[in-house]
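Construct all of the structure, not just a fragment, from the sequences and the given hints.
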Amino acid sequence: MLKVSVQIEPFDVAEEQAQLTGADATVGAVASFVGLVRDTNAVGQSDKTDVATLTLEHYPGMTEQVLTDLANEALKRWSLNGITIIHRIGELKPTDPIVLVMTSSKHRGDAFDSCQYVMDRLKTDVPFWKKEVLPDGSSRWVDSRECDAKAAERWEQ
Amino acid sequence: MLKVSVQIEPFDVAEEQAQLTGADATVGAVASFVGLVRDTNAVGQSDKTDVATLTLEHYPGMTEQVLTDLANEALKRWSLNGITIIHRIGELKPTDPIVLVMTSSKHRGDAFDSCQYVMDRLKTDVPFWKKEVLPDGSSRWVDSRECDAKAAERWEQ
Amino acid sequence: MIKVYFFARYREELKTAEETFSEQISDTEALLTMLRDRGEPWSRVLDSNVLCAVNQVMTKSLTPLKDGDEVGIFPPVTGG
Amino acid sequence: MIKVYFFARYREELKTAEETFSEQISDTEALLTMLRDRGEPWSRVLDSNVLCAVNQVMTKSLTPLKDGDEVGIFPPVTGG
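Chains as they are written, first to last, in our numbering: chain Y, 30 to 186; chain W, 30 to 186; chain X, 436 to 515; chain R, 436 to 515.
Just so you know, these hints were derived from the structure itself, not from any lab.
Fair warning: this is a prediction, and the values are worked out from it, not measured in the lab.
Using N, Cα and C, we set each Cβ at its ideal position, and we do this for glycine too.
Hints should not be assumed to be uniformly reliable.
[Said to hold, decoys possible] Label pairs and their computed distance ranges (CB to CB): (1) Y/31 <-> R/471: 38 to 48 Å; (2) Y/39 <-> X/497: 54 to 64 Å; (3) X/447 <-> Y/105: 38 to 48 Å; (4) W/176 <-> R/450: 53 to 63 Å; (5) W/53 <-> R/471: 26 to 36 Å; (6) R/472 <-> Y/105: 40 to 50 Å; (7) Y/44 <-> X/503: 29 to 39 Å.
[Claimed, not checked] In silico lysine-lysine, DSS-like type, Cα no more than 30 Å apart, as pairs: (8) R/450 <-> Y/122; (9) X/495 <-> W/179; (10) Y/122 <-> Y/160.
See below:
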């Protein structure tokens, strides 16, 4: 089971887990990550600025392809029963879910590691861009984080 | 937010996530692990035997205390907004969820690591015991796994 | 008085869920030795993997016991 | 013909979402050099962090281009 979706709509983690594991009684472990919109950001020195809305832009076509490649790479590197990657696009507000990565396996090590791998790679390799709109109507593109590049590097073989 | 529950009832991951994060817009990351009942087990050489039901016994009082200590230890070691640990007891069947560990934080590293830490420690330090009932009505206590002891050891400071 | 609880496989194979001792027992090792000295099935069932909790806190080594203590005796845990 | 798409901050600051080139361009470096040679804002906006995808596959280094290729030009990604 491999599911990749780039969508405007929110997702339901319980429903996604039911879809991912279904009636497969060989699954003993499901690891998930959900990323949410924060109302503060860490651009520059300040961690105090309010965010009113967050707009997610992507590269249509490429995004879906890269996410599918990433899911297949995870299936190749770990012993998984299935994987689901959902990333939202469009306009979101603080506390809204942005991304879901969910992996299932017999034992927990494979599920945990592959879930973290997909998130680390997603942060550096998949063409999404966040733009924050502040309460005064001004906006700015979110800067990439140095630590994300480091996190992705550790998976290189 | 710290929630620990030892319960017979199933849990709803979406509802637990809503409870854990609530309206806290400083949360950017939620990592979760769900353990499920498998219909095969790895006792001895065989991985083929069907499991009809799984009974979970625990040490009432001690279980809740050890889980709460474990949650507090995770809050101390990582920068977390909250943590939820739910473990079911009683009679379960294959595909039923057994355990949920969910952690929330600003950035994903803290959520991932603390979630894995709690699962590793839970496997070796919390007084739960699984008994498998086979289709012919016979039963056996599940053996502990050597690799679980190793997984827990790596967190020792 | 020391209250002892047995769990899981031990509880079943020893056909004992709890037992109360009125005599003084110096520590967890002395308690286990006393139980194993009963012979079968105690000597066999309480194998080298046995775990002890004193007042619901897991012990890693020999732990002194005093009047009023609660001791849990159980095999390696298998939750999660 | 080579089709070039700009995304996110680049798209906004260059006021350009896409552009089509009918001339031959040897590789991604040559394309970037050509764009930067236009002067402001191109030379400033297309900084050293620029990423290129050719036919929707991320490139890590100089990549040859041929007729019919699609090139994406964008800043470091910030999804997840």
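Evaluated hints:
no. : hint                        : in the structure
1   : Y/31 <-> R/471: 38 to 48 Å  : 40 Å, holds
2   : Y/39 <-> X/497: 54 to 64 Å  : 56 Å, holds
3   : X/447 <-> Y/105: 38 to 48 Å : 44 Å, holds
4   : W/176 <-> R/450: 53 to 63 Å : 57 Å, holds
5   : W/53 <-> R/471: 26 to 36 Å  : 44 Å, violated
6   : R/472 <-> Y/105: 40 to 50 Å : 43 Å, holds
7   : Y/44 <-> X/503: 29 to 39 Å  : 51 Å, violated
8   : R/450 <-> Y/122             : 26 Å, holds
9   : X/495 <-> W/179             : 16 Å, holds
10  : Y/122 <-> Y/160             : 11 Å, holds
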